[in-house]
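Protein chains: 4
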Amino acid sequence: MEAAGKPVVNLISKPENMLKTVYTACRTCYSADYPIDIYNSVDDKEKMLKLIERVISSGHYSTIEHIQVSFAISNVSRACTHQLVRHRHMSFSQKSQRYVKEKGQFDYVIPPTIARDSVLQEKFIGFMHRISEQYQEFTEAGIPAEDARYVLPNAAASSLVASLNLREMIHLANLRLCTRAQYEIRTMVKMMCAALLEEELWLKPYLVPKCERLGFCDEDKSCGRMPVK
Amino acid sequence: MEAAGKPVVNLISKPENMLKTVYTACRTCYSADYPIDIYNSVDDKEKMLKLIERVISSGHYSTIEHIQVSFAISNVSRACTHQLVRHRHMSFSQKSQRYVKEKGQFDYVIPPTIARDSVLQEKFIGFMHRISEQYQEFTEAGIPAEDARYVLPNAAASSLVASLNLREMIHLANLRLCTRAQYEIRTMVKMMCAALLEEELWLKPYLVPKCERLGFCDEDKSCGRMPVK
Amino acid sequence: MEAAGKPVVNLISKPENMLKTVYTACRTCYSADYPIDIYNSVDDKEKMLKLIERVISSGHYSTIEHIQVSFAISNVSRACTHQLVRHRHMSFSQKSQRYVKEKGQFDYVIPPTIARDSVLQEKFIGFMHRISEQYQEFTEAGIPAEDARYVLPNAAASSLVASLNLREMIHLANLRLCTRAQYEIRTMVKMMCAALLEEELWLKPYLVPKCERLGFCDEDKSCGRMPVK
Amino acid sequence: MEAAGKPVVNLISKPENMLKTVYTACRTCYSADYPIDIYNSVDDKEKMLKLIERVISSGHYSTIEHIQVSFAISNVSRACTHQLVRHRHMSFSQKSQRYVKEKGQFDYVIPPTIARDSVLQEKFIGFMHRISEQYQEFTEAGIPAEDARYVLPNAAASSLVASLNLREMIHLANLRLCTRAQYEIRTMVKMMCAALLEEELWLKPYLVPKCERLGFCDEDKSCGRMPVK
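Chains as they are written, first to last, in this note's numbering: chain Z, 55 to 283; chain B, 55 to 283; chain G, 55 to 283; chain S, 55 to 283.
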């Protein structure tokens, strides 16, 4: 497969009874009841949401760590995944360039600043072909994939399964939806948020750039969307 | 409520499709396919288990971090929870002694070495009543619960919601099922393992004391179950 | 040893060349130079501080993770340490109540709300003696220390070595200097900050309650010091 | 700067009194003494080492988390750093390809399987020049560095400051000194170990491949150095 539009992002796993678990966690801190009894006796979605929202607004994020979600992600560049795996509270299983040999033209991601200029885009695509040829020449000469890959570019597409709890999900959104984040990771995180919000809309107020939560921008160079501190 | 038998442990949350998610994570590392396609095309439980077991035996535990489970736990002493919360890869929401005032006799846990001697047990129970009286005396004198609790004992029962991924679950079992662990946390972790194995029996070979995985005991004082290194 | 005034807090370890290491980390991100050359060529304290302050104000805290400091802490209650060890980015080595048998009267911490009333304080001290007698009775009856300790109170004093990097140090200060934190952990964290500031005064603007950094209070019940969001 | 031999690795920061801090941490767990008194009264290096070695052999690694060390690393490929930053207990400050524009030929790392064949090496070097030209062409056309870098290869050299505590240092060595690890990260970790051992020789028995600690190999494909489990 070759060209490369947007990332492919799917939410593949989340716990059953997400709200009930978070509600039980919140109430356990302030209640004499057994958590299993809290869990078994609650069902009112409105009531659960009301408590959860109050607890999160007070900054008590530990209560939402109990929920972890998993995404299947493809068609993102290695430039993007090198940034993503810096999130140390996440879990990753990523396609290995050491063990998976590229058999034909490798997939790649074209940055929009290049894609929007047809001349530059043509050059970019041609150069990806040139790199592919060089890679194949090395593997055909007996160089193992793990070494031939040294010529593969940052643009080379990767796939991964990524899991994170809701606290880290909010943190990820706060950082990577910022206009100062690179467009590709920003796009990917937007799609992760959208996939999650499709099922858990109550998270909407939290999956925003950090400036919306802080009320000000703390970046050295601000985009102007919010007042500087 | 008063006396105190064994811990109360319930598995309240786990992801849907646990095996499919882990299988997808394992295969993503070694495959050119998109993880979402791996996820959508697999269904053979035997096949999934075979791969997962091979990957875990090779020590590649990161693939099982994608699965997080949550337990509702009650009737464990504060001595036990002070040990438990040292597991830094876990998430906790614990009943607060600052915010939850004990209204009558507080719950407590009696250590078996005391419970098995009726004279000592009677003394222990009597003393718990004595402590309760002292606590009540302080709160009635206007001392806030968060300070009156300074007289409450390690034996005082607590409740919590605890979540951890399967990698940490195996680590927890390896450490706390060791005969050198204190009886109470050992009992609690046994019950956590039992609750999980009821639904996911394939984890059985991993939820064992560390000596069974290592093939030897690395403790300074060995219980003799396995040869010292 | 018996009574119990304030915590005992000493900074026992910090890296050599703290500023040079942080400065090198900050500059490495934005420079074509080798970090070892940056490290070897910088000496101007003013220049280093200026860059570091700009980087931290922009929220790029990862650059100060390179500095870890260690504290020796004594005379804090087990109530306090149960809170402290919830900080999962810290490292702890704590006096074990399983392995260290109390030989005479155990040390303990008296909450100020009790200490300021001489009648209540006398009751409190008397009750600590009563608990000590009960503990001794159990150990003399052959009950191991790890089980006899179930009667020991939250007030029982503990000792620990605690280490944390500067990012977590700022987080700890932000949370625990808040007037909503319990007085004892607040006192202890104040002393940790003071010990560190004695040697690294430049950290002063960051070792403050979270409301000072946010510009507003996000607690459910505010102390009124700062406007609610 | 251009070509690329071995990584450049320097230990730039470690705490004062490393042994005293670890010894104090070990003893605090089993002693009624204040840790500050333990710290102030010990000086006998032999005695400290003897206790520390016993504690580490028993698997109580938390006691060595109190020591964190920092390395300045250069001349390692982005392939290598993408692996390195997966170590989530480490702290990193890495040269940014977004903010640092390559002005001439970028540095790069040549894999030994290619370097040892003069024809392939020549091709590799020529191709690096070709990539550099393409990168320059894009930046000259106004494409920002953060997007032009999509053509840069895995071979492109990077620099970083990396910090980790001794527990993670041992873990890193155990995993990355394994003959199954890729040659470049293996070389880099060997150099990190060597730099540390130059000052702290007592760590030698721990900075080894995992098979030496386990007594067996747990890899799916063993190199044969140790018996398979």
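Where hints are given, some of them may not hold.
Each pair may be met inside one copy or between any two copies, as identical chains are not told apart.
[Claimed, not checked] In the EDC-like style, the derived pairs of lysine to aspartate or glutamate whose C-alpha atoms are separated by at most 16 Å in a straight line are:
id, residue 1, residue 2
1, Lys157, Asp87
2, Lys104, Glu254
3, Lys68, Glu107
4, Lys283, Glu107
5, Lys104, Glu222
6, Lys177, Glu194
7, Lys74, Asp171
8, Lys104, Glu252
FYI, nobody ran anything at the bench for these hints, they're computed from the structure.
For each hint, the structure was consulted:
no.	hint	in the structure
1	Lys157 to Asp87	between (60 Å within a copy, 12 Å between copies)
2	Lys104 to Glu254	within (14 Å within a copy, 34 Å between copies)
3	Lys68 to Glu107	neither (20 Å within a copy, 23 Å between copies)
4	Lys283 to Glu107	between (26 Å within a copy, 15 Å between copies)
5	Lys104 to Glu222	neither (21 Å within a copy, 31 Å between copies)
6	Lys177 to Glu194	between (26 Å within a copy, 14 Å between copies)
7	Lys74 to Asp171	neither (50 Å within a copy, 42 Å between copies)
8	Lys104 to Glu252	neither (20 Å within a copy, 34 Å between copies)
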